[in-house]
Amino acid sequence: LSLELSNKKHDLINLINTFQDSVKTSTKELTYFVDRCRRLVGQTHETGRLIYQQ
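When we follow my numbering, the leftmost residue of the sequence shown carries the number 321, and every step to the right adds one.
By construction, these hints were calculated from the structure, which means they are not laboratory data.
Quick reminder that beta carbons are idealized off the backbone N, C-alpha and C, glycines included.
It is possible that part of the hints are untrue.
Pairs of lysine to any residue, SDA-like flavour, derived with a Cα cap of 25 Å [stated by the list, open to error]:
| hint | residue 1 | residue 2 |
| --- | --- | --- |
| 1 | 328 | 343 |
| 2 | 329 | 342 |
| 3 | 344 | 355 |
| 4 | 348 | 330 |
Computed Cβ-Cβ distance ranges for the label pairs, DEER-style [as the list claims (entries may be wrong)]:
| hint | residue 1 | residue 2 | range |
| --- | --- | --- | --- |
| 5 | 350 | 322 | 33 to 41 Å |
| 6 | 355 | 324 | 44 to 52 Å |
| 7 | 331 | 360 | 38 to 46 Å |
Construct the entire structure; sequences and hints are all you get.
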């Protein structure tokens, strides 16, 4: 039973590491996307400009 649990723990650690790696690679794209959204909002609404300045 303890061997089975340790295997599951190992699988979980691998899954978390994989997830962290994928987050790191997509952070740049996400930042770019958020920036574009803020600019779009800023062009159409005064509140958007305030959000963009923060």
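**Unmet hints by their number, sorted upward, for this structure** = Hint 4 alone not satisfied by this model.
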